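Participant: Taking the hints into account, I'd like the entire structure generated from these sequences.
Respectively, the protein sequence lines represent chains U and E. Everything in the first sequence is counted per numbering that gives the first Met the number 0, starting at 0 for the first residue and increasing by one. Everything in the second sequence is counted per numbering that gives the first Met the number 0, starting at 0 for the first residue and increasing by one.
Please keep in mind that the hints were generated in silico from the structure rather than gathered at the bench. As the structure is a prediction and not an experimental result, all values here were calculated from the model. Where hints are given, some of them may not hold.
In this list, chains with the same sequence are indistinguishable; a pair is considered to hold if it fits within one copy or across any two.
[Stated by the list, open to error] Capping the alpha-carbon separation at 30 Å, the derived lysine-lysine pairs in DSS-like fashion look like this:
| # | residue 1 | residue 2 |
| --- | --- | --- |
| 1 | Lys110 | Lys50 |
| 2 | Lys297 | Lys24 |
| 3 | Lys292 | Lys50 |
| 4 | Lys24 | Lys50 |
| 5 | Lys24 | Lys35 |
2 protein chains.
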Amino acid sequence: MDPLSLPTPADIAPAYARIESVVTKTPIMRSDVLDKRLGAHIFFKCEHLQKTGSFKFRGASHAVSYLDDTCPGVATHSSGNHGAALALAASTRGFGAEVVMPRNAIAAKIKAVGTYGGRVHFCEPTQQAREAGLAQWIDQGLVAIPPYDHPHIIQGQATAAWELLAQVPELDVLVAPIGGGGLISGTALAALARGQGTVPEVIGVEPQGADDTYRSRALGRRVDDHHPDTVADGLRAFVGEMNFELIQAHVNDVLCVTEDAIIEAMRHLMSDLKQLIEPSGAVPMAGLLAHKKKFENKRVGVILSGGNMNLPQSLIDVEGVAA
Amino acid sequence: MDPLSLPTPADIAPAYARIESVVTKTPIMRSDVLDKRLGAHIFFKCEHLQKTGSFKFRGASHAVSYLDDTCPGVATHSSGNHGAALALAASTRGFGAEVVMPRNAIAAKIKAVGTYGGRVHFCEPTQQAREAGLAQWIDQGLVAIPPYDHPHIIQGQATAAWELLAQVPELDVLVAPIGGGGLISGTALAALARGQGTVPEVIGVEPQGADDTYRSRALGRRVDDHHPDTVADGLRAFVGEMNFELIQAHVNDVLCVTEDAIIEAMRHLMSDLKQLIEPSGAVPMAGLLAHKKKFENKRVGVILSGGNMNLPQSLIDVEGVAA
Numbered sequence: 000m001d002p003l004s005l006p007t008p009a010d011i012a013p014a015y016a017r018i019e020s021v022v023t024k025t026p027i028m029r030s031d032v033l034d035k036r037l038g039a040h041i042f043f044k045c046e047h048l049q050k051t052g053s054f055k056f057r058g059a060s061h062a063v064s065y066l067d068d069t070c071p072g073v074a075t076h077s078s079g080n081h082g083a084a085l086a087l088a089a090s091t092r093g094f095g096a097e098v099v100m101p102r103n104a105i106a107a108k109i110k111a112v113g114t115y116g117g118r119v120h121f122c123e124p125t126q127q128a129r130e131a132g133l134a135q136w137i138d139q140g141l142v143a144i145p146p147y148d149h150p151h152i153i154q155g156q157a158t159a160a161w162e163l164l165a166q167v168p169e170l171d172v173l174v175a176p177i178g179g180g181g182l183i184s185g186t187a188l189a190a191l192a193r194g195q196g197t198v199p200e201v202i203g204v205e206p207q208g209a210d211d212t213y214r215s216r217a218l219g220r221r222v223d224d225h226h227p228d229t230v231a232d233g234l235r236a237f238v239g240e241m242n243f244e245l246i247q248a249h250v251n252d253v254l255c256v257t258e259d260a261i262i263e264a265m266r267h268l269m270s271d272l273k274q275l276i277e278p279s280g281a282v283p284m285a286g287l288l289a290h291k292k293k294f295e296n297k298r299v300g301v302i303l304s305g306g307n308m309n310l311p312q313s314l315i316d317v318e319g320v321a322a
Numbered sequence: 000m001d002p003l004s005l006p007t008p009a010d011i012a013p014a015y016a017r018i019e020s021v022v023t024k025t026p027i028m029r030s031d032v033l034d035k036r037l038g039a040h041i042f043f044k045c046e047h048l049q050k051t052g053s054f055k056f057r058g059a060s061h062a063v064s065y066l067d068d069t070c071p072g073v074a075t076h077s078s079g080n081h082g083a084a085l086a087l088a089a090s091t092r093g094f095g096a097e098v099v100m101p102r103n104a105i106a107a108k109i110k111a112v113g114t115y116g117g118r119v120h121f122c123e124p125t126q127q128a129r130e131a132g133l134a135q136w137i138d139q140g141l142v143a144i145p146p147y148d149h150p151h152i153i154q155g156q157a158t159a160a161w162e163l164l165a166q167v168p169e170l171d172v173l174v175a176p177i178g179g180g181g182l183i184s185g186t187a188l189a190a191l192a193r194g195q196g197t198v199p200e201v202i203g204v205e206p207q208g209a210d211d212t213y214r215s216r217a218l219g220r221r222v223d224d225h226h227p228d229t230v231a232d233g234l235r236a237f238v239g240e241m242n243f244e245l246i247q248a249h250v251n252d253v254l255c256v257t258e259d260a261i262i263e264a265m266r267h268l269m270s271d272l273k274q275l276i277e278p279s280g281a282v283p284m285a286g287l288l289a290h291k292k293k294f295e296n297k298r299v300g301v302i303l304s305g306g307n308m309n310l311p312q313s314l315i316d317v318e319g320v321a322a
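Facilitator: Spelled out as structure tokens, the structure:
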């Protein structure tokens, strides 16, 4: 296999075998109250309980597992979760990690990269600046571990759905958020790999304010313009080349959700599941709430992709109405 | 056994057998980051993931399991969690539930009682008013299921620690919050029942603003005055008679924590465990943070007692510093 060719469903079992011992097998949660509200059977895959608080640790661990012991260190660009994940994965092999982050990355994620031993380097919040910042480190000899547009990353992220499909049999649909497209393209490959006879539908959800994948599908190729404006800070990246190719081939549908719907979804996940899910991680739930008919009576697997966010300044609302 | 005599360790296994099929076997969570911060091994028993969002469903289910099919309905007083738990437990047997709640109960809990089919009746926020409100319903022939000062309730609440001690072997300490004392007295009985040779230490934690148990221990009998003022709305009740007797006999220590420490503990549980824990449920964690030395290098079981709260009005803090 050419290690840089487009990943296939056959890659996912070997990828899982490589990282199974280092990743957390995250639990599944469900809620009678939510199921009733949605008229469906929802199974939440808790990747916010993954090491470093997001699914990104899967791809990072997988990519790092391919590095030689002589590797002089790794570098990446990231809004935060991939950076923290890579820092931890690299540190377990004794490598340093340089993480180029946009200046508008949130404080909790900037802090997390440092917690796991990574070094943060700020850049302007544009795709160009992120890639230019990374190029400087590559020029110095470090190994680039990109956040999503790489086979090892996609194969690693696929293991979340791979696990989910083993934990919950006979799902009709899988729903995941789309940022750069690492998780959704991996999810589609896992569905194909696990689907015995009937392959679950795979649906991606994007914020309206970062709908590059949705528009790219309409156009049939990646759009030229991308000016993300959304509270879902983990989904501001531009969909990757390899990711878009896999999405076009294997993802059944892409839905868009408003900013209000994302906040509403976060509230449901807090009040009904008691889980703190970051805005990006609540985007699939927002898709379910906004497109209820589409999921009615189905068995739906939802990937809660992460839980890293700045906490609300005031936690106590004595006057507040219930969620 | 006189059903109204003081519960003993021997009661807990039979109590668990009665309710095992209806309660959720809640999971255990842990965090490397938190363990490192505290210098201890902490195992969190996730009773906020119990049905109705708190451990109260255990005691309520246990008490309801003793009712005759001819029961005309049940009644209680509650700051909320026992009311919702009783409403659900009663409804599974087809009984109605009248719930006397203090006017200052939080909106989320008032709503929850209704969600599970209970009828809310408000009273002044004093122990006397709560008991007087309940007496009216008893006069009408309903069966009182008190929130904590009853053997069936204490035996039921004990099953949380009973499960925990089966899930995590060789704990050195169990830590639980104290309100009316149902959970802590049950926890102490479970520790005695499960402790093979070495019985884990049992430590209760109270808000300074509702330190009736702490003061009662100093006095050697229940204090006469109790004017709770704390954000931990679930811990404002006055410690029960039977509960205090069991606490005096079997609880090793009672710690007090400030309001700031409770909020800080909630933040840690959100950022490090990604769990939404109500103020009352965060009180044991506040105790760990405030009395770090006491728990150093120990294996500590912490009961996260509930997760029902009004959600913060604003969830998104773009400027905020990390937790």
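Participant: Within a copy, between copies, both or neither: where do Lys297 and Lys24 come within 30 Å Cα-Cα?
Facilitator: For Lys297 and Lys24, both the intra-copy (24 Å) and inter-copy (26 Å) Cα distances are at most 30 Å.
Participant: Pop the pair Lys24 and Lys35 into one bin, within, between, both or neither, using alpha-carbon distances up to 30 Å.
Facilitator: both (27 Å within a copy, 22 Å between copies)
Participant: Can you give me the call for Lys292 and Lys50, within, between, both or neither, at a CA distance of at most 30 Å?
Facilitator: between (34 Å within a copy, 27 Å between copies)
Participant: Classify it for me, Lys110 with Lys50: is the Cα-Cα distance of at most 30 Å met within a copy, between copies, both or neither?
Facilitator: So Lys110 and Lys50 pass the 30 Å test inside one copy only (15 Å; across, 35 Å).
Participant: Are the CA atoms of Lys24 and Lys50 at most 30 Å apart within a copy, between copies, both, or neither?
Facilitator: both (10 Å within a copy, 24 Å between copies)
Violated hints for the displayed structure: none, as all numbered hints are satisfied.
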